[in-house]
Each structure stands twice: as structure tokens, then as C-alpha cells.
Amino acid sequence: MNFDWSDDQKALKGEARRFLDERCPTTRVRKVLDDAATLYDADLWKQVAELGWVGAAIPEEHGGTGLGHIELCALAEELGRSVAPIPFSSTVYLFAEAIMLAGSEAQKTAILPKIAAGDLIGAVASSEGPGGLTPGGLRCKVEGGRLTGEKLPVTDGSIAHHAIVLAQDGQRPSLFLVDLTGEGVSRETLKTLDPTRDAAKLTFANALAERLGEQGQGLDLLQRIFDRAAVPMAFEQVGGAERCLEMAKDYAMQRYAFGRVIASYQAIKHKLADIYVKTELARSNAYYGAWALASGAAELPTAAAAARLSATEAYDFAAKENLQTHGGMGFTWDADCHLHYRRSRQLGLMVGGPPVWRERLIGELEKRNAA
Amino acid sequence: MNFDWSDDQKALKGEARRFLDERCPTTRVRKVLDDAATLYDADLWKQVAELGWVGAAIPEEHGGTGLGHIELCALAEELGRSVAPIPFSSTVYLFAEAIMLAGSEAQKTAILPKIAAGDLIGAVASSEGPGGLTPGGLRCKVEGGRLTGEKLPVTDGSIAHHAIVLAQDGQRPSLFLVDLTGEGVSRETLKTLDPTRDAAKLTFANALAERLGEQGQGLDLLQRIFDRAAVPMAFEQVGGAERCLEMAKDYAMQRYAFGRVIASYQAIKHKLADIYVKTELARSNAYYGAWALASGAAELPTAAAAARLSATEAYDFAAKENLQTHGGMGFTWDADCHLHYRRSRQLGLMVGGPPVWRERLIGELEKRNAA
Amino acid sequence: MDFNDSPEEAAFRDHARDWLKENAPKRDTARARRSADEIVEAKSWQAKKAQAGYACIPWPKATGGGGGTPMQKVIFDQEEAAYGLNFGIFEIGLGMCVPTVLAFGDDATKARFAGPAVRGDEVWCQLFSEPAAGSDVAASRTKAVLADDGSGDWIIDGQKVWTSGAHYSDFGILLVRTDPDVPKHKGLTMFWIDMHDPAVEVRPIHQASGGSEFNEVFFTGLRVKDSQRLGEVGKGWNVALVTLMNERLAVGGATGINWPELMAMAREIPGANGEGTALKDAGFREKLADWYVMAEGLKMTRARSMTALSRGQTPGPEASVGKVVSALQLQDMASEAMDRLDQFGIIDDPALAPLAGAFQQGYFWAAGLRIAGGTDEILKNIIAERVLGLPGDIRVDRDVAFKDQPRGA
Amino acid sequence: MDFNDSPEEAAFRDHARDWLKENAPKRDTARARRSADEIVEAKSWQAKKAQAGYACIPWPKATGGGGGTPMQKVIFDQEEAAYGLNFGIFEIGLGMCVPTVLAFGDDATKARFAGPAVRGDEVWCQLFSEPAAGSDVAASRTKAVLADDGSGDWIIDGQKVWTSGAHYSDFGILLVRTDPDVPKHKGLTMFWIDMHDPAVEVRPIHQASGGSEFNEVFFTGLRVKDSQRLGEVGKGWNVALVTLMNERLAVGGATGINWPELMAMAREIPGANGEGTALKDAGFREKLADWYVMAEGLKMTRARSMTALSRGQTPGPEASVGKVVSALQLQDMASEAMDRLDQFGIIDDPALAPLAGAFQQGYFWAAGLRIAGGTDEILKNIIAERVLGLPGDIRVDRDVAFKDQPRGA
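Note that the protein sequences, when read in sequence, are chains V, G, L and B. My numbering puts the last residue of the first sequence at 371; the count rises by one with no breaks. My numbering puts the last residue of the second sequence at 1371; the count rises by one with no breaks. My numbering puts the last residue of the third sequence at 2409; the count rises by one with no breaks. My numbering puts the last residue of the fourth sequence at 3409; the count rises by one with no breaks.
Since the hints were derived computationally from the structure, they do not count as laboratory data. Computed from a predicted model, the values in this text were never measured in an experiment. All C-beta atoms, glycine included, are put in the ideal place defined by N, C-alpha and C. Among these hints, one or two may not hold up.
[What the hints assert, rightly or not] If we take Cβ atoms under 10 Å as the criterion, some of the chain B residues that face chain G in the derived model are: (1) D3037; (2) A3052; (3) G3053; (4) P3131; (5) I3269; (6) F3284; (7) Q3331; (8) Y3363; (9) I3371.
Just chain V, with the same shape it has in the complex:
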């Protein structure tokens, strides 16, 4: 039984934490939050690329460090903890994974090294409106290699160089790779609940689009990409939840009410115990997801769904109750509580909300049961 970080992985996490504590304090996160013109922390992005984090799961032959997905998850936990305002999830968990999963050798060779170097920000564009994706609801389409339609929200859509876009392709949807700097692409930055992360509306008018993966396999591929992304995202959420618990504890230990610290009241003690319990369950589910992702196990769909649901529940709860524990102070802009209150929702919705993941989980379990 070896269901925990190895010593090397622990050392990597420790280094990452030290680096982020120094280079990504919340004062830096707030620069992106406060300045509408700053869509991400470009310096930090450059630095983490140099450290090899962006290419952690990209094989060495394609310019990555080839560390692997477990190591990527270890880094993700630390990035989540620090509410890092960089396009990591979009570029690394989604875009790079999509290229590795479905790209041709030529596409891999052309794109992956740039990603690993931090020179290419990528996005995956699937949503076109409120509610879960449905094949019938998809209006973007590609005809004759040209893409037309609108996508929103697209995480990091304002700053990405390339996007992978789900679009109608004859009978059934396919995925397409689109150069967002090319002609026929316009972008509009969106107002969202979490301004520390970019989101955009992308409008395509006969933009050049190159098919990624097999024709007509778009929905299936997208689901597999989401499964893969859900795992490191769950680690980001666990990292965020753990940070909320620490913040709540630290505040409760020094805030006095009625002559004693509020941490001595059962209402607060049990609240923090509840956060702890949810966070540890989420961590355990995330570990299983990491194992399934790294080992290529057939259980990935259920493991990813469980990791995502558990982590979303934990981070949402931790962010809410951390703010609540801080009382009036927590409701000020100056307190960092709202950074997590925002990010927890951003991470919890980015590859789809809990309802669609619950449905996916039970659907997969039904299949397994029937087999």
C-alpha cells in the first residue's frame, strides 16, 4: 500500500510552497483583482514555466520535464492554496492534456514545447450559454475548415494564443484547434465572480480551424479531457480548502468575543471540524483520482467525478464558513476571505458544475454495474 505522496513528491510540494509563499502572496493576487487591465500575473507565469511546472506532465521528447501527473497534482494543490492568478488550469490541465490525448504527432511537436516553455497559453472552449452542454444546443459549426459561432465563458479566452473549440462538424461535433491570433476571431473579456482569473467571450467568423482528434468524436473527447482536468483541479480545490481552514483557525484563535477567543466556542470548533472532515474526504478522493490519472486506469471517469464532487463540496464549504468565521471582518475587501469565496466558485464551475458531474458519476456506475 503506497497511497500517499512519496518523499520526492513531498519535497517537490515543499519547494513549491516556499516558492509560492514568496512569489505569490495575496498582495500579488490582488493586483490582478484590482486592475481590470491585468488579466493574469505574467511574471509568475514565466517563473513557473521556468521551474518546469507548466511542462510537468509533458514528456521530455516534447519539451516537458516528464515528471508525471502525480507531481502535477502536487503542484496543483500548492497553486490552489495560493489562489495563483495564472492560466495554469486552462493551459496545463485542459489544453495540453487535449493535445496529448487527441493531437497528431505534428500537432504535438508544434505545440507542446511552446506550452512547456510558457510561450503558449491555451484554452478549451465548449460552453455557449447557460446550463450543461447538449449536442442539440451546440451552435458553433465548422464548414470547409472555417469556424463560425460564439463561445462563452472561455477561461483565459482573452489571453490565450490557441483554443480548442467544440463545434458541429457534419453529423456530430468534433474538436478543433484554432489560432486565436488569426483572422476571424474577436474576443471580449467577461465580468465574472472571480476577476483573478480571466474569462472571455470568443466570436468566430470564418476562422481557420484544424480538426483535433477523430471526426465526430468531439463530445467523447471533451469528456475525457474534462475527466483528466478534473483531477488536478480537485487538488487545487483541496489546497484552497486547506488554506481556508488555516485562515479560519488563525483568526478564531486571536479574535476575542465575550472575553475569550472565538475558537473556544463549540459553534466555531465544530464548524472547523466540519471543514476538516470535508477537506480530508476530498483529499482522499483526489488521491484516488491522481492514481487513476497517472496509471491510466479504467476507473478514471468515476474516480475523476468523485474527486471533483468531493473537492467542490469541500472548497465551497470551506470558503463560505471561513468568511463566516471572520464575521464582519471577513466581509471586507481587505480580508482575503473573498479571494477564496470567488475562486471556489470559479474552480467549481470551470469544467462543469456538480449536477452534470453527479449525473456522469451515476451513469458510469450504471454502466459498470451492467457490464
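With chain V's structure known, arrange chains G, L and B on it following the hints.
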């Protein structure tokens, strides 16, 4: 604004409480619980009939006291509080209401005076198996005035003289009145979670059946009967929940742990506050149900559903957390906690569980919204 | 059991309805809340109501009030609501501050302030909370010392926080510490102050939500007359309790989203399994049902409280359940609605988000509502102690001089 | 990160598997639990394991144990589980009581008891809880006084409660009060006792569920030798803490229903809207998903604890989350399943109810599980204090003589 008991109704409730405190202490409830051969408290049943409770909502011309439904609800709250082991809900809320709602003048004249006098116990038999009622799942049928099939569970089915039975009747189901003492009827008492209330399996083999209400209107009529019954049942549940809160409070005020009463710990204080909040919301919803029932308002379906859902939630929660507050003591047979733990489930399932009532509520709201 | 007016109530309602039809101004509700124009409009409407006896209906006529009943106020409020005229700027002053002045001020003070407040000429705010005294208001540190010139005046220094309306208020009631050497509840005193004094500085608070509906208020050598004192020196806590008793009732229920809006949204977005709409999605239907039941329960609970008023009684303890239920419910509803919107749920641009971003705003508003006017935890303590009669939490601060109490940073 | 055995673990697993294949008896699991036959069968199997070194695997060989590692015990347990041979009657004795005897007994005592316990010849029970000392075990009132004959023997009178297996146990460890004049934690002493002594009376407790899995135990002038004392006089609380530390780990997760069973049931009953099955009912699907996630989370948390064992470390604090999650989850699942069964849900006759009444039984079992071995509330306190390092609740009983402490009826 007059949304509360009147002085007369308060006086009636007060009398009922004094009577039940004396005549229906839990030692009497336990006689029915402990003795498998005693299916209800026949003496108490006789007494409440003599007091006019059984006929409270039956018009004087049919032998009732004609007090009305609000007064019936006031009595229900007290009966629920005392966990009374008598066939009140089956006979009064369901069976008598069904006769009043759908019976012919002849049926009313024949049956209602006997009910009011306490001489006739009635049951309504709809369920045939696990899960909600479905027209397709209904196997009982009447042909040529003869009923065949099985019903279970039927509350008070072992002790009832008559039952109203939902059965196929040509194209669509109807309700039928059946004399359970007649030929072709056999009964088997069922083991249930709440042995203080009777439940039976009824088997019909060409039993005489007299149609009640219009042909083919069985499901609609049954729903209207359930709507009417749900309101006084909600009052029973509110009464039970309030009693649980009192028990929990009394125990917590005299039980010491770590040198002080457990009522001084926030975990217990907030638990009891939660019970209080749910119970008061349930009471308010029940009042609205009572108004709709008594005034014949078109809002009855939604008011009844809200009253039922709110009261089921409150009583289930109160019964669980009352037992929990009692700790190990609460898990003994001698403590009365389990009487409520059982009854809360009996009342919460008897005219259908929360899922079907939620569905009914939203369905009605959709209709209203569309109109 | 019914919802009908008594004959007297019905007659009052008819009169109120006629008067409103005649006198209610047309209001452009799209205009920004509490802008300068809004305040002018609110004051003018208040003056009109005062003249007709519809302002402060239950207050004695001598104060400028209507000399009516609490139930008449409820009825007028119901009728007024239809015109979108429920201006919030007088709520705290007329609901909490001025009643405190009337209860504890001397005759000259009462005569000076009651009329202008009722007519809306002067707006009041309440200055109790401090950065280190939130749930525990009695831990206030803002201090008042007697001026050393023998004038009997007091000099006030310190800071209050979460003050609604401080920037448009003319006066305020202020809780200060006059004696740090006695236990904390015993060293407090209440004053009324002039908010236009240059020694008073109002700064808006930048909230977590990005908005700024509340203020910090700083006092630097603010000099007040001893005649501005409300109640005795050292008895400020008793005065504050009278004010706070009204606050819990005034904060009221959640606003922002109601279940019909949720139902409307659910009709417009696809279900989680990709078929039909979310309204046909049994998972969401069950949640909608539970929220409806809770919202109806709160509505009917208010009807019970009004019944008590209508019968000339004080509303029972059931009135205390409102905010503790509705604030958390709003947070849950907002979160669940965003979940159902899926990826799109993160967008809070009013031009794009369903219901103009009500869910995203509600998610923040709820976080504040769970804290304002008593946190969830404090309200449950209040229900447990005042309604159910359970013991208070163990107090370690009762007998310790305030200056010797442990405190945070 | 993987679930693989290390080479040593794999070798041990192979040996265990081979040995079990050779030696495991066939068991008729339908037979009543803990009947007389069952106890005979359990003892015989325990003896066989002891002989092969598979009983008490991590204990030193000198005690009769296997001289192995905690991880080897986990592996053996996993393999043994496949044979349905996890007899529960030794759990408390070997998990809690005998380790306490080994930690605090003198050499003669240890030599006397270790071997027979490991071989299953003698069964032990734990006598701590009392009617007025549940969560607060240190409030025990059962008293021991020195015999007045100068023998040094102790005379014990009082009552214990919730004792598992008292009726088939040979020995027990008993916490008693030897000095009521000092604060409560300081006046306790621990003894081992002979359960067959006529001064010990065992009565089954009639539980709320109707069953009787626990006992009350009464002591009337029970005489014990001073050599039966475990630890010093007045240090019984320290001894008890060692025992209790093991209890929290031993109680483990909920049993009775798992989500595949729920899923199977859901496949068989109609949906709430009268169409399809409950499994196709999105409302129930969402709940199933949440329960699955929670159950998987617990399973994977156990894998983390086992990893610590496998690496020769002590499991981390995550091991404490088990029961506080699973007991309440079981109660919710049971209740929700009954709800979905609709009217039929009230039937608990195993011949009629789905899954032989597992939901109805689970509803009661969960109520007990939320209390046994630490209530939900106590466990959250433990997580808050021991794991998160938050302050303990304010204690008013630390410095008061036990006899002067306030207490209930």
C-alpha cells in the same frame, strides 16, 4: 389578520392536552407497543369518540359535532404530542373525509354517524408495493362489483370495519367501499417500524365492492383525500416535534457532563434551536393548510403539500436529534425517545413520502404558473 | 383562522389606499439607490406622510407620529409597497435610534428631535459596532473622557464600523467607554452626536462583494455636551439593549432572489442530463420544493406575528426565526442556481447573466446577511437562551475590569 | 501513488492466502450471530490462528502474538474477510482490554493473561460507561473501598452500562472511584476483574431498536485483590485514556447498507413522478452520487491510514473522520430509502421489506452508532481539539472534589 387559534380553539386544545396527559401517558402507548395482540388502545378510542373528537369535522346532520376542520387540527396536534395509539388518522382524516368528499347521500347517512360514534373504524387502501402509486402498477381490480387483489400496507387494516380501496375499474381506477368483515377478505397484520400503530396486508378474493365517487376518478379522488388528510397529519407531526423538543430540553437541563448541564454546550443549544426553527416553520405551514382546508380554498393542494413536507422534515429531525441529545439513555427501550423515532416515520410515510409530495407541489406550482 | 382584516383594519386600509392613490409620487426605481436625488425624494415623501399621520403611525401624536397601532403600520406598509416607495434611509433612525432618544433623552432633547425625524428632515444612524467588538458589542473601546476644562463636556476618540447611512445621516447615537476600570458592561455610556461635526470622519467600507453600502466612522477629539448623554454614565449597555432589541426585528428576511425567479430560470436552462429543462430535472425540482416550503413557512410565520399585532399583543418568539433561515437559504439557492447554470454560472455581468446576475450578487449578499445584525451563531444562541431558556455560554468576562480583559490584535 | 503491496507485503499476503485456503473453516453465516455455537466456532478459529502466528500479528511472540507488523495484520484481515470469518467477540478484548493489561499489569499478570487471550480461550470486556457517565467517563461513580479486614482487598459496588459481550466474557477491566474527595480525574483506579464472580451480575439492555446487543453490569460487594489493580491508585484515568485511544479506532465505520445495495433497490422501485425507476429519478441519483463520493472518500482515507502503517508510521489524524461521517450518512441513507419506498417503507418484516429490512434496521442502528464510542458532538470536539489544536471547552469540574460536583438525578 387572524392567523392563529381563536380563544375557543385554544381552550379546546387545552382541554385536549389535559385529557391526553391523564389518559394517554406513554405507559399506555407502550401497552400497544409491547403486546403484539393489542393493535390499538380501544378504551382511549371509545373515550375520544365520546368527547366528540372523532366526529369533530362531521356535520351534525350526520351525527358529528360539526366543530370544523380547524378544531380537528387543534385536536390532531395534541394527539400527535401524546403519540396516541388509536386509529384516528385512518378513520377520521382519511376514511371519513373520503366519505364526505365522494360518498353518495346514502353512503354518508349509513356510515358517518357510526364513525362519529366511534363504532366504525375505517381505512384507506392504496399501496400495493414499494414506491409511489402509479396507474400502471395497480393490480387490484373490480369486475362485476367484486374486488380481487392485495393491498399493503394498510394503516389500521387489521382493525378496520370498512376500507376504501383503489382498484382498476375498466379503463381507469375508481375508489370502492368494502366491508372488511364480509366474505372474500383476509387480513394479515404486518411488522412495521411503528408497532404502536396497526398496519395490515389485505387480500381480496371476489369481495363485494361498492363504488365510491365517479367511475374512473379514483386517482384524482385519492389525491384530494390525501391533500385533506395531510393537513391534520401535519398537526400531529408538529405536536410530536414540539414534544421531542421539550423532552430534549428537559433532559439536557438535568444531564451533567464535565461538571455542567449539557444544555450549556453550544452543540446542544444550537441543535435545539434548529429543532425549534424547523418546528415553527412547520407550524406556520400547517396553519396555512388548516386555513385552506377549512375555507375550501383553491390553494389546498400546494398548502397541503407544504404543510406535509415541512412537518415531516420537522418531526423526523426532532425525533432523531431528541434521541441523540439523550445519548446512550435515548437508545434504551425504557426511554420514550424511540416512540417518536418510530411515529415520525409512520406519519411521514402513511399518505406517501416526501419525494411524491415534492413532485406534487412543484407540479401544482407549474400549473398555477402556466394558468 | 383567516387572513382577513378586522372591520377597523379594513377601514384603515381603505383610507390608506385612497390616500396613497392620491398622493404617492411616481418613482423611477431603475435609478441608483440612495443617490442624492433619491434622498431628496425620500425626504419629501416622508414629509408628506408625516403631514397625513402616516409616518411613525404607532407613535404618539405629540411626537409627530400617527397615534395609531402597530397593525396599522403593517397595513400601511403593505399598501405602500405596491408603489415601490419603501425608502430605506429612515429605517434605522426611526426604528432604532430615535426610539432610544425618546426613551432616554430629557424633555428638551425629545422635543428637539422627534418632529424633524418623523418628518424626514433629519436622518439618524447607529454607532455601536467596532472592529474588535462585533457580536460582542459591549467590548466597545471608543472612549469618552471628561474634558479637563471643567466644562462637563466629553472628548471622544475611537472608531466605529459597519455604520449604515453614516454618509447621509445628520445625527447618530454612539456607544462609548467612559470607565475602563470596571467590568465591560458597566463602563459604557450612550450619547447622541452631530454627524456634521468636523471631528467625525466617515469613510465607506470596501466590501468583499466590491460594493460599499456601509461605513467606518472615526472620532478624533470629538467634543460633546453632557446634555447629549442618553441615560446615566456607566449605564450605556442598558440603553444599547433597548436599541438592539429593535434591531433584530428590523433586519428582516433575505432579499434578492425568490423562488418564482428560480423557477423562471429553471424553465430556461437545460437539465443536467442534457434533456429537457432544469425545471424538469427531478434533482432541482426537489430543491425548489424544499425552498418553497421554507419561504412559505417564513411568510406564514410573519402572518402569525402580524396576528399578534392585530390582536394588540407582542409577537411571540417565532419572529426570531427569520434571518437565521433566510440568509443561509439565500446562499444555498444562489450557489445551486450557479451550479445549474454550469460553466455559464461564473458570469456576473448583469447584461449576460440570468436575472441580471441576481444569483451571483445573492451569493455575496447572503454571505453578508449571515453576519449582519447578529451572525447565524449568535442568533442560534439567542433562540436557545431567550426562547428556549437554555443556559448562557460560560462567561469569563463578567467580573474583570475592561482594561484587564484578554483581547486580540 | 498506488495500491500495490511492497515485495515483503506481497510475500506475506501469499502465505496468508495459502494458509487460509488450507485452514479456514466453512461457516454458515446465516446462523444467528453470537449464539453459543458461534462462540465455540470463533474460539476454535482463534486458536488455530494463534498456533500459526496469525492471531494478534503485531504483538511480540513472547505474548503469543505473531511478532509481525500492523500492516501484516491489515493484510491478513483483508484476506480473512473473504471467508466471512471476522468474528467480533475478541475485538474489544484484544483491541482494548488486554493491551491495557499488558501496559499496566505486573509481570505475573501479563504472563497469566496474554496467552489465553491470544488463543481465544478467554474473552475480555471493557467496563467504563455508567448511566451518569457516558461522554464524560471520568464521572464514574462505581466505588471501590479498601476492605476493613486489613487484607488490602478492595470492595466494589456500583453499575456499569453499555458493556458489549459482558455475557460471554471471562474477564473485564473496570474503572472505579477510589477517592471522592479529590477532583474527578484524580480519584479513579483501574482493576481487572473476574466476570464469573457471583458478585457480578450481567443484565441485557433492551435497546430502542428492540434488540439486546449490550449489557448492564452490577457489582454488589465484589471483592478484588490489590494485585488486580492496573496502574497506581488514583491514576485510573491515565490508564483509561490508553484504553480509549484504541476504542476510537476500533469502532470503525458504519455497516448495514452500502451504496450498491441502495442502487439495487433504486432499480426496483418506481420513481417519484410515477415514471421509470427511482434509479432514473434525478433527485435520488444526486443523493446516490453524494453518498458514493462520501463512501469512497472514507475508503480512500482508510487506504491513506494503511499506507502510514505500511511505511511503519502511525496513521495521521485523517483516521478520526470515519464514524462522524458514516453514522449520520447511514441515518440519512436509511431515511431517504424509506422515503423512496413510500408507504411501503414502514414495513420492516425481513420477509417483505427490500434488502430484508436493511433500511429500517439501519435507521435504528445509525441512531445507536451516532452515540456509541463517542457521540457526534464529542467526536467533533476531539477533531477540533486534538487534530486542529483549538482550545478545550471551558471546564468547571477540574478543581472540585468529585463528591461536591453538581450532577443530575
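**Hint check against the structure, violated hint numbers in rising order** = Violated hints: 1, 2, 3; rest satisfied.
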